[in-house]
Amino acid sequence: MIPPLVMQLLDSLAALLLLLSFAMLAQRRIVTLVDLFALQGAVLCAATLLLAWRTGEVNLYLSAALTLSVKVIALPRLLHAMIRRLGVYWDTDPLLNISGTMLVGVPIVVFAFGLAQPISALASTATRSAIGIAIAVILLAFLTMITRRKAMSQVIGFLSMENGLFFGAMCASYGMPMIVELGVALDVLVAMLVLGVFFFQIREQFDSLDLDRLESRREAP
Amino acid sequence: MHSAHIRFKSIEASDPQLSATSASALAEVLALLAAWLVVGLAGLVRPGSLRFAGRTLFPLGALVSVAIAVVAAANLGAAPTRVVLPFGLPDLPMHLRLDPLSGIFLVLLGAASAGISVFAAGYFRSGEGTPPGLLCFQYHVFLASMGLVLLADDAYAFMIAWETMALSSYFLVIAQHRIAEIRRAGYLYLVMAHVGALAILLCFGVLQGGSWQFTFDAMRGAHLPPAWAGAAFLLALAGFGAKGGLVPLHAWLPEAHPAAPSPVSALLSGVMLKMAVYGLLRVAFDLIGGLPWWWGLVPVALGLFSALYGIAFAAAQTDMKRLLAYSSIENLGLLFTGIGLAMVFRGASMPTFAALALVAVLYHAINHAFMKSLLFLGTGAVLHSTGERNLGRLGGLIHRMPWVAWLTLVGALAIAGLPPLNGFVSEWLLLQAFLASHAVPYPFVNMLLPLGLGLVALIAALAGYVMVKFFGVVFLGRAREAALADAHDAGFAERLGLGWLALGCVLLGLLPAAVVPVLAGVAQWLGVGALPRPAAGWWMLVPLDARQASYAAPVIAATLFAAVAATSFVLRLVYRRRVRLAEPWACGGAGLSGRTQDTAEGFGQPIRHLFAPFFAMRRALPSPFDAEPRYEVTIGDRFWNVLYAPLAPLTDRVAGALAALQRGRIATFLLYALVTLCLLLALVLVL
Amino acid sequence: MTLALWLLLGSPVVGAATFAMLGARPRAAELNVAFSLVTFAAAAALSVRVATRGAMSAGGEQFFVDPLNVFLVTLTAFVALTTSLFSRPYMRIETADRRMTPGRLRLYHCMYQLFIATMLLALTTNNLGLMWVAMEAATLSTVLLVALYRTPASLAAGWKYFVLCGVGIAQALFGTVLLYIAAERALGASGASALLWTHLDAVKSQLEPRVLSIAFVFLLVGYGTKVGLVPLHNWLADAHAEGPTPISAVLSGLLLNVAIYAVMRCKVLAEGALHSAWPSAMLMGFGLLTVVVASFSLWRQQDIKRLFAYSSIEHMGVISFAFGMGGPVANFAGLLHMTVHSLTKSAIFFAAGHAAQKSGSQLMDRIRGLVTISPSVGWGLMIGALAILGVPPFGVFASEFLILTTAMRTEPWATPILLISFAVAFAAILQRVQPMVFGETRLRRLPHSPALLPVFTHLLIVLMLGLFIPPFLADWYRAAAQLLGGG
Amino acid sequence: MRPIDWFTQALAVAVALAAAPLFLGWVNQCRAWLQNRRAASLWQPYLGLRKLLHKDPVIAREASPLFRAAPYVVFAAMLAAAAVIPSMGTRLPMGAAADAIVLVGLFATARVFLALAAMDVGTPFGTLGARREMMVGFLAEPALLMVVFVASLISATTALPVISEHLALRPLELSPSLAFTGVAFTMVLLAENARIPIDNPATHLELTMIHEAMVLEYSGRHLALMEFAASLKLLNYACIGFALFLPWGSATGRSGPLALALALPALGAKLALAGAALATIETVSAKLRVFRAPEFLATAFLLAVLGMLVHLLLGD
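Here the protein sequences line up with chains A, B, C and D, keeping their order. Each residue of the first sequence is one higher than the one before, counting from 1 in our numbering. Each residue of the second sequence is one higher than the one before, counting from 222 in our numbering. Each residue of the third sequence is one higher than the one before, counting from 909 in our numbering. Each residue of the fourth sequence is one higher than the one before, counting from 1396 in our numbering.
Hints are not guaranteed to be accurate.
[As the list claims (entries may be wrong)] So the derived list for chain A, only partly shown, Cβ under 8 Å to chain B, looks like this:
| no. | residue |
| --- | --- |
| 1 | A23 |
| 2 | F111 |
| 3 | L115 |
Note that these hints are calculated values from the structure, not bench results. We put the CB at the ideal spot given by N, CA and C, even for glycine.
Using the sequences and the hints, build the whole thing.
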């Protein structure tokens, strides 16, 4: 029912998402990281719109709107504001160097694709082939969080994980029930607000958002 | 498990034993246990008031004790009676049952605790540590829980009672909680009690034998394969041995008993340890079926060893309460030995001798309850008037506190196993049982067991040694410290308590012929075997056959008395010479002082010498050139060093290794999460 | 009767709103109690309704109340009530000690009510998606409370809590998505009804097994993080230790229960779909690992609240193990254990909180001889600790007795591991608690009299449950255990 | 019980009382002869007792009532023991009241009271003696019990009269187990009665003495009782030995007055023999250091155990 051109377009968008996650995995500069995240959101939004247009699912329009408003506009602004206020622009020397991270990323992608097989087999949607990419995005975001030092970049990783989740939901089942989508979006927003508060509190205590300063209390030696 | 309830109900319905009279007996006992609880709760009303607790509550508790002893004794002959209370787990209501075995131990509990409570009424002083009202509460909960242990007829009720017993006694032990080593002792005690309880729980888990019903009836009905029966027995031996101070599970005992206030030490040593004996008897002779005979050798061996170990350590002690604690280890060892012997005889189908051994066990359990409580209370009185536990600082107290001294002497002579007192009777019975052990139809065993005779004899003789040391050093000779001059004798209540227990020792010693048939009845009810009871009269104890062995305690006592009376009469009649007082012979040297006497260490020296392998001994010998020569010796427990000391470091090492898992930065924890996720997913994919 | 449900969910929300607007008023604490009381009344009414007339659903099937969750609802509401009672004097003392400011107090009350609301929502909703939303919201509402004191340690703890639980919950969301996919396929009906648990439960046997298994893994890891299963447990100790004590109490006593509840709902579906027992096996494995690691970790703790946080982890392990074994008895035991654990543990935290206030430190070496200066706190702590260690006659022993005996039957190999862990935990905790309760003391008196009614109420209930489980409660557990199935 | 049995009983006690000092005198005489000394009269012990009884007892100020009571208790215990040992007839009414174990128990009672009395005054020597006495005792007592047990295993009873009757009436045979236990018994007898090689009844050298150290504080009638009790103890041990190892000659079974009349001289002969033997042993052996005493007694214990094993093995 969906013409091949649109399909190819969707698939390429999906590929773009994956590429963006890798880019985020590699990116040292936090401002750029935020931009990449916004871009990811935009791509997600575009894909959703495309799908909505073809399938005529109202849910998807709403979902796209949500994505646009929250992930493309609201959050990046918020993050930029924070970065400016806190003055954390760089996340240098990650725990695992970039090339190493890339190398780890590849098998994760393979694993994700393998994992997606049964799901795609089950899903009835046209876009089911992209589920693997969604999982890959999630796991890569996970990897990003693991390898970064700064709280800020971890947050961004967390958010791109949400992107992956949304993408997965979308291409597996044209989006979750509306009520859930709304709830999730709400949660994400609240999470961001909480984070804001957090960062400024942390700011009061520490002179940077370097997680090494936030080391957990050591277990008794 | 739900069906257990139903099944049990049916038993209830079909149970012919449920006659009105005896059912009421169980009800009465329960009511009395409840009365104990009430007395205890009353203590909480005015926790601070010593007068209330001492003058009112403890005597009341003593009355309840007497009542329990009377009720239980009156119904010893009656058939078992059951009650199911709607407590416990929904599918396992609380089954209670009063049968001769629990009855006899209830008598023990009541009779011994009566004296102890009376003593306690005068003993506790207000001051540091737990307030008297709270002590009274814990004390009576302790008593009630022991009563419940004896009545429990399903695993859950038993565990509840058993652990409540441990818990309440733990709080009693650390009554003087401001002293660090008392806290340490309490900690060790509670931990070992809990571990032992876990072993008992496992034992029940094995005993139910696939029926998955935890009533004792289900266990009686279960038929275990021999291997499992053996496992269950070993678990029971571990669990109850840990409570009964069976070496090497004895580590807590010499710590906890001295730490507790003396009435509590008396309860622990005199009564609570018997709960371990009861438990093992219950499991070995009532619950387990199809246990191979040779399992009986395990308690025999362990029991004899811990008896020898305990008495050797007792001889080496310099703290009077530790000395008594180790002597408890000895006596419990003898009890376990008797149990094992009975098991072997039963397996060898020599029912008469099995019954004899069991009677010896029960008799000795009761005796020890009286003797050891008496001695601990005696030390308590000494402790109160001198504030001193160290034998090296006591002496000559027979002049200051004659009541305590003479009453304690009774206990000391009794536990030393001297005729015509009670300790001798049970040892006599045990020896009689051992004498038959050469007849068991198993090679080697029939050679090995008779050697037990020699060991028991040696242990008994050593007990005499220890008691001479104990009584001689504490009460005789000269005061080793000036402070002892103003020691005062015990108050009325304390004398009364001591007197009650001493009377028990004497009567149990003089009237074995009246007691043994009752105990034999219990043994017979247990299906162990019956003693032939030829008509021998109340004064002549004939366990087996008149030609084989007989003992008439009253006659011996009368003879001794008559001889003493006659001699003194004759001497006074013929040669009336007045006694002159003078200084003792000091080899013409300077006058003697309390310091010139032999010390407790000195008195223990030969034993330390002989049993050197038992002790981890560290000695600091003075050199002839020392300005002020000092001689120090410390006696350590090898088992402690080998078995217990390494545990804490080991746990700590494991904890350290695991702490690494909880250390580090958030990224690390995220990594754990990712790895877990991937592993599980991989697992799912391959599945 | 749905009124009760709306009241149940409404009162805390209204409460939160009120506190947000009113701010820190002198009578805020009493108001807090009042709202909790209303909530508890509603919960009681609801439970009576379910007990008498069975399960019910409301709000276009979005809400659903059956014996399993109504019993948790009542428990939650009850502990929430007692905690609010406790927090009143506790917060007074904190204010007197200058650790609480009006602003923080406002935040505290608001978030407290919000937290209760989210948990109740998570329990009563029939929509697995909403359940996820509620769980996430529960995290968010407590994050700031954990960091309430703004000390470096508390901020670090809050941050850790936020990140670890956030990421974990994200996995759960993906699991939910997968569940949704499978459901759509099975139900055919797309849209809202596809995530309704009742519908899923009806068709669980037709759900596609492979997808369900993947979904269950994501859900287990996701919600398991909130349960505190090793090795996903690292947020738990810090969050408990750093937050104000009432929050530690509700986190430990309630949130963990709710998380377990979520896991169990998913497990029921997964097992129904897979026709195999490996979800149970997974749960058992996690449980056992958790018990062992947690009980050994107890040995080295210095901080009183961390100590009992680890004990909570251990008991979560026990509960998961019980549910993993499944079957009427084990499920019964698991539910009973959830009850007694949350009651006992919250009581312990109450006592521990006051103890920490007395010594001005949470380090156990600083807390000495409580009974001499204030017997009630000391005995509360001692008895609570013994109860949580599974010493008879307290209720924890009842459940552990059932769990152990069932384990002997179905998983004999696991019994020694459990027993050793219990012994280690016993030695470790007693070793710490005894010197705190007994011995010489250097503690001060408190500016306000502590609230010990909640402590002893809880402990009395626990004692009662050890000696006698009321028939209606037993039937309730049985019904719930039926729902959990397995075994 | 027939009247004659009661008569036997009375006679046994009377003879014991009469013969005890005499036996001691006899032993001393033999020793004197063997050591080429002029022997004191056979009646010397009686004279000693008489002298002591005529003296005022002097008692240390620190002495407690127990100190005064002890001599009577010790003496009474020995008397009771004498009443249950079948020295001349095995049909003793008292025999049923107390078997061999009780007998050992009576000895233990006496020992304990002796030791307690010795500790009572609180002199170094008293305590020292008490300690040594108890050390000897706790090793000698089990050895004695084992000796008795071997005999009672042979005759399936612990009642001493029955044992001795059984041993007397059974066909005469060489039994290795009894030989072992005989030696063990002799060693116990030496140790328990403060004879060389364990103790020297004649010495008053404080550092080596055991029994004498304990009675050091006694005087007058108390000392007399103690001495008398000691001699009774020696006699009792001798009679136990006869009952176990030389049962022949004493009146057994339902035998009448005649047998009893024969038993008296038989006993006399045995005593004479035993006294001589004892003296010989004491003369030929040297006193051991106190520290060696445990080894000596352990040997005795071991021999008794061996005797039992041999019996169980050969079933003789």
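Going through the hints against the structure:
no.	hint	result
1	A23	violated (20 Å)
2	F111	holds (7 Å)
3	L115	holds (6 Å)
Violated hints amount to a single one, hint 1; each of the other numbered hints is respected by the structure.
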